[in-house]
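A.B. asks: For reference, the chains in residue letters:
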Amino acid sequence: MSDQTHGLVKHDLAPGEEEQHSVGTRILGYVVGLVLALLLTATSFFIAGTDLVWQPSIPVALIVLAIAQMGVHLVFFLHITTGPDNTNNVLALAFGLLVVFLVVGGTVWIMAHLNANMPPMDHIMQMRS
Amino acid sequence: MLGKLDWSAIPFDQPIPLVAGAVVLVAILGVLAWVVVRGHLPYLWSEWITSVDHKRIGVMYVLLASVMLLRGGSDAIMMRIQQAVAYQSQGYLPPEHYNQIFSAHGTIMIFFVAMPFVIGLMNLIVPLQLGVRDVAFPTLNSVGFWLTATGALLVNISLVVGEFARTGWLAFPPLSELSYSPGVGVDYYAWSLQISGVGTLVAGINLVTTVLKLRTKGMNYLRMPMFCWTTLASNLLIVAAFPILTATLAMLLLDRYLGFHFFTNEAGGNVMMFMNLIWAWGHPEVYILVLPAFGIFSEVVSTFSGKALFGYRSMVLATMAICVISFMVWLHHFFTMGAGPDVNAIFGIASMIIAVPTGVKIYNWLFTMYGGRIRFATPMLWAVGFMVTFIVGGLTGVLLAVPPADFMLHNSMFLVAHFHNVIIGGVLFGAFAGFEYWFPKAFGFRLDERWGKAAFWFTFLGFFITFMPLYVAGMLGMTRRMQHYDVAAWRPWMLVAAVGMAVLTIGVICQIVQIVVSIRNREALRDRTGDPWDGRSLEWATSSPPPVFNFAFHPDVRGEDAYWEMKAHAKQQLLEHEEPEYQDIEMPRNSPTGFVCAFFATIMGFALIWHIWWMVILGGLGAFATFVVFAWRDHDEYVIPADEVARIDRTNLEERRSLVSMAGAV
Chain V
2 MSDQTHGLVK HDLAPGEEEQ HSVGTRILGY VVGLVLALLL TATSFFIAGT
52 DLVWQPSIPV ALIVLAIAQM GVHLVFFLHI TTGPDNTNNV LALAFGLLVV
102 FLVVGGTVWI MAHLNANMPP MDHIMQMRS
Chain U
1180 MLGKLDWSAI PFDQPIPLVA GAVVLVAILG VLAWVVVRGH LPYLWSEWIT
1230 SVDHKRIGVM YVLLASVMLL RGGSDAIMMR IQQAVAYQSQ GYLPPEHYNQ
1280 IFSAHGTIMI FFVAMPFVIG LMNLIVPLQL GVRDVAFPTL NSVGFWLTAT
1330 GALLVNISLV VGEFARTGWL AFPPLSELSY SPGVGVDYYA WSLQISGVGT
1380 LVAGINLVTT VLKLRTKGMN YLRMPMFCWT TLASNLLIVA AFPILTATLA
1430 MLLLDRYLGF HFFTNEAGGN VMMFMNLIWA WGHPEVYILV LPAFGIFSEV
1480 VSTFSGKALF GYRSMVLATM AICVISFMVW LHHFFTMGAG PDVNAIFGIA
1530 SMIIAVPTGV KIYNWLFTMY GGRIRFATPM LWAVGFMVTF IVGGLTGVLL
1580 AVPPADFMLH NSMFLVAHFH NVIIGGVLFG AFAGFEYWFP KAFGFRLDER
1630 WGKAAFWFTF LGFFITFMPL YVAGMLGMTR RMQHYDVAAW RPWMLVAAVG
1680 MAVLTIGVIC QIVQIVVSIR NREALRDRTG DPWDGRSLEW ATSSPPPVFN
1730 FAFHPDVRGE DAYWEMKAHA KQQLLEHEEP EYQDIEMPRN SPTGFVCAFF
1780 ATIMGFALIW HIWWMVILGG LGAFATFVVF AWRDHDEYVI PADEVARIDR
1830 TNLEERRSLV SMAGAV
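Line order of the protein sequences matches chains V and U.
When the letters of the first sequence are read in order and numbered with our numbering, they come out as residues 2 to 130.
When the letters of the second sequence are read in order and numbered with our numbering, they come out as residues 1180 to 1845.
In isolation and in its complexed conformation, chain V is listed as follows (with noise of 0.2 Å):
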């Protein structure tokens, strides 16, 4: 019966722990987040207002910069990273985007399929007349 006092599991942090870093790294990291997601946003309001670019390719542009805004958020903000303590947490949004699409995915797909037995509107009019 030894070593009994640290009875959790290692390499893998407990609720409300952190992981250690000096505060200067942690700030730096907050810091280039923020300058990367103000740009993403600047950017956005930029190409939706601009003509420099060929316009039917703006709305795939914002997209694009939504979801690179999603990521910043997601590496600088949420701290999601490749490292061995974050299996959990990189599981929880993979699990919960899965969800979001089949839920959001589904529903789409569902409710435009609603009037799929129902016959024709000008169908509906002729059996009128």
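These aren't lab readings, by the way, just hints derived from the structure by calculation.
From a predicted model like this one, the values you see are computed outputs, not experimental measurements.
Ideal placement from N, C-alpha and C gives every residue a C-beta, glycine not left out.
Far from chain U by the CB rule (all over 10 Å, computed), these chain V residues:
#: 1; residue: Ala62
#: 2; residue: Ala67
#: 3; residue: Ala69
#: 4; residue: Gly72
#: 5; residue: Thr82
The calculated label-pair distances, taken between Cβ atoms and stated as ranges, are:
#: 6; chain 1: U; residue 1: Gln1269; chain 2: V; residue 2: Ala67; range: 56 to 66 Å
#: 7; chain 1: V; residue 1: Leu63; chain 2: U; residue 2: Ala1429; range: 26 to 36 Å
#: 8; chain 1: V; residue 1: Val109; chain 2: U; residue 2: Met1499; range: 24 to 34 Å
#: 9; chain 1: U; residue 1: Ile1525; chain 2: V; residue 2: Leu63; range: 27 to 37 Å
#: 10; chain 1: V; residue 1: Gly30; chain 2: U; residue 2: Leu1433; range: 38 to 48 Å
#: 11; chain 1: U; residue 1: Tyr1436; chain 2: V; residue 2: Ala49; range: 31 to 41 Å
#: 12; chain 1: V; residue 1: Asn116; chain 2: U; residue 2: Gly1397; range: 55 to 65 Å
#: 13; chain 1: V; residue 1: Gly25; chain 2: U; residue 2: Met1499; range: 35 to 45 Å
Given the structure of chain V, go ahead and fit chain U onto it with the hints provided.
C.D. replies: Frame of chain V, contents of chain U only:
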């Protein structure tokens, strides 16, 4: 001043709810008076109401579920009697009262019986099985419980103040919209679910974190008992699915309170969106309920067969597969809504696929029993009864997953029979099995076996006599929720079902008698070793009931079936009187945060239902202030000195040693 509330809210013209309400009120006041007179109030307050001990909270969850089971069961009895007598007549219940009863029955049974029962058992057992001292967030745990209790309280208040929803347990619009349900019934429904939904979400987050982050040394994922795995899966589903429910009900409430048009018939609303969203929560919900039950059966079957669980890894895989696939099948609740063959076929196939991992589990349990030395104690009876019953329910479920068949059976009594078959046969039998199995752990004495077996047989037979006729009635074309009917062919089956309900009621009475008899004989039934069933997982490694810190030392896990291995190795070591070095243990302090928060939430919920706006603000501010006070606390832990730990642990070790030496002497 009091919004919509005035004396007309009390149904003086309806004797049934008034008398029932009066009886309940007298009972509650009687219990309260007894508690105060006998001087138990300080004990109740400091040891239970403010407790953040996961075991105490678990027990309170189960108590809440049991009380609400009696309420929901009374509703069921009233419905069965109504359908037995309402042939070519109005029966004894007015239609709007009957509608409230079936709505309340469904709401209560799912949200305030099944949910608190499984969450209670998870709370009670999972930290013990993981070998840790508490859940990840002890005070949050207490908040979660009391918010659930708030929801239950609001539903019961609706019995005498105002009315309950007449819309069925999921309050489908447009019926639940203001134009068709102008009363407060739907508001009672929605706000009690919103508040208790927060409680459930909190419990889910707590248990996921506990399983992922707080495991004892050596407790790898693949060494966790099956119940911990199913807890993880079930709570992942809670975290993912309950926000959908909250959002959907919030939209319905916006429609009702602020004139929005999410689900209205006019102004661009779409009622079908409600069906879609509510079932996107509703289908994961049934797996939230049944997965923990699967975990309980895994523990029970393996313990009472004296064997390790067959196919542990396939069981883990099946559990996680169910966890994911359960999010891909929700459309099978509304095949008839109008979607085309592509959509219906995909969701139908997904619904059939989810039966595969469930089948894997059934075979694993059978193979665990095969060649084992089976003891038919009461928990094992529930487990075997479950397998028989659940297979029937599962097969009718696969049948309903076929869209053309579903078009015939949608909303018929066949469907009613099917989901009672899986929820009673799966969830409730599981809850009862877990109750019988872990009762000695929670209270330190076993339950009376004779009454337990009687309760099982009456419930088991009563279930089949009640619900098999409903399958037939469904085949004969009877739809659900009928207040009265004129078809002669249905009548005999309704009468048989009413008889079955009587048998089921005897089962429930047996269970109550069992508890009373066991409490009276508790000295004879005392479990001194902490391991009454010859168990295999860590909850049996500590005394019954466990000390507040659960384990004097974090157990060191070396394989699957942690405690079984320890027992195999430790028989000799236990006899050597080697005193371990005890250390101080820090435990979280009790806190009234949960109770006070729920008190204000109750006020706020009641005020929202009755449009008493100043009271809404008061309740909201109160709840927020409670949170702020808690966040600013200075001391949240207390220390149990090593001497005290040693004293408690020695008593338990002595008992175990005497048992081992007795076994050695034989």
